[in-house]
Each structure stands twice: as structure tokens, then as C-alpha cells.
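Let the sequences and hints guide you as you build the complete structure.
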Amino acid sequence: ETAVFQTPNYHVTQVGNEVSFNCKQTLGHDTMYWYKQDSKKLLKIMFSYNNKQLIVNETVPRRFSPQSSDKAHLNLRIKSVEPEDSAVYLCASSPGVTSAETLYFGSGTRLTVL
Amino acid sequence: QQKVQQSPESLIVPEGAMTSLNCTFSDSASQYFAWYRQHSGKAPKALMSIFSNGEKEEGRFTIHLNKASLHFSLHIRDSQPSDSALYLCAVNSGTYQRFGTGTKLQVVP
Numbered sequence: 010e011t012a013v014f015q016t017p018n019y020h021v022t023q024v025g026n027e028v029s030f031n032c033k034q035t036l037g038h039d040t041m042y043w044y045k046q047d048s049k050k051l052l053k054i055m056f057s058y059n060n061k062q063l064i065v066n067e068t069v070p071r072r073f074s075p076q077s078s079d080k081a082h083l084n085l086r087i088k089s090v091e092p093e094d095s096a097v098y099l100c101a102s103s104p105g106v107t108s109a110e111t112l113y114f115g116s117g118t119r120l121t122v123l
Numbered sequence: 073q074q075k076v077q078q079s080p081e082s083l084i085v086p087e088g089a090m091t092s093l094n095c096t097f098s099d100s101a102s103q104y105f106a107w108y109r110q111h112s113g114k115a116p117k118a119l120m121s122i123f124s125n126g127e128k129e130e131g132r133f134t135i136h137l138n139k140a141s142l143h144f145s146l147h148i149r150d151s152q153p154s155d156s157a158l159y160l161c162a163v164n165s166g167t168y169q170r171f172g173t174g175t176k177l178q179v180v181p
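For the record, the sequence lines run as chains H and Z. In terms of the working numbering, the first sequence is residues 10 to 123. In terms of the working numbering, the second sequence is residues 73 to 181.
Please note that a few of the clues may not be correct.
Residues on chain H that point at chain Z, a partial pick, calculated with CB under 7 Å [said to hold, decoys possible]:
1) LEU51
2) ILE54
3) SER57
4) SER108
5) PHE114
6) SER116
Calculated from the structure, these hints are not laboratory results. We treat Cβ as the ideally placed atom computed from N, Cα and C, and that holds for glycine.
What follows is the structure in C-alpha cells.
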């Protein structure tokens, strides 16, 4: 059953607009992540966050920013979208604070930038 | 920087066959090795994982790790059409898991 919830499922927008995606996990996990899955299905880490530390992948453009109100929520904001941002954005959580644990994924938000 | 690569890129097998998927990694300090499965339009879901050298079996699935060779694999016994999916290997790298390029498996009746 789903325990990592993402909204919206789909979003279509124009170049230069701002978008926000939401993610909530009900597993009581300590760490959440955002991954980008491109058209070739490659999963690339964007951010990892627990209640103590935000880790940003240095290759992520500055127009992307994570936003968290508590350890159950991690949203993603894109300030000014570009065509190459079209992808599926996957949120995930893991129980503890190490990277050696199972990831639980949401169903993703598919972004199309026109 | 950790590199994770999978082979083959895609695979078609008959129902009932043994399927073998491969994953190589570059960081010998990695400690966690996992396989995820993603059905079309769905979330990736963990299949199984391993920490130390050797084999681990769960039902029809077996994971094999050889750290010295920087290689691990997933074997699916008696492959079923429901196994048709994208298979992703993952290796821990610092504070997150890095994923491979994926193998698209199709099991035909």
C-alpha cells in the first residue's frame, strides 16, 4: 500500500513559471529524498533531508529548492522552469539517517514544460 | 564519484526461464547493495538488498554480491509475465543511494 504520497500526479506549465510539488510520508521515517527520473529512466538524486541536515547534490541548478515543515513533509519548488526540467520527480523516504536502508518511493509527479 | 552501471539494457525471456541482471559499481567503500523494480507508471519498489559478500535468496529471487569484483547481480528463477518491469540496482554513496541505468525486462508467455 502507498505510504509516500505525492501531489500532483501531473503538471504542465510554461517556461519561466514557478511550480511546487508536495510529498508526505506516513511511515514515521527520518529521512526524505527527491530524485529526478529522466526520459531514459535514469534516477538522479537531487536532495536528501532529515531533521538535522539538508544535503544538496551539487549538480542541481539553484532554481530548485526543497522545503520542509517537519520530517513527514518534503516539498520541491522550481523557481523558473526550463524545458530540461521535464521529467518525473520521485519522492522517497527511509527509516533512519544512513543511506544503507530501503527507500520507499511515491508514485511521482510528471512535469511537462512547454 | 560513484558510477553504477547495469547490463543488459533490455532483455526478453520466455516464461519459466532464469533471468540474470548485472550491476557494476566503482566505489569499493560501498556497503549497501539493492535491487528495485519499477512497473510502468508506478513507483520503484525495493526487491531485496545485501550488505556482505555472498548470496541471499528470497522466493524466486537471488542476489549475489562480489565486492572484490565491484559486481552484484539479481537472478529470477521461473520468470513470470508479472516480472516484466524496469529493474534498477542501487548502491549507497555517502548520504544517498545512487542508481544504475536500468534493465528493462520483458517476460513473454
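Hints, one by one, checked against the model:
Satisfaction of the interface hint for LEU51/H is found here, the shortest Cβ-Cβ separation to chain Z being roughly 6 Å, below the 7 Å cut-off. For ILE54/H, the shortest C-beta to C-beta distance to chain Z is roughly 5 Å, which falls under 7 Å, so the interface hint holds. Checking SER57/H against chain Z: minimum C-beta separation of about 5 Å stays under 7 Å; hint holds. About 4 Å separates the beta-carbon of SER108/H from the nearest beta-carbon of chain Z, less than 7 Å, and the hint is met.
This hint holds: PHE114/H has a C-beta 4 Å from the nearest C-beta of chain Z, less than the 7 Å allowed. Given hint, SER116/H at the interface with chain Z, holds; its Cβ is 5 Å from that chain's nearest Cβ, closer than 7 Å.
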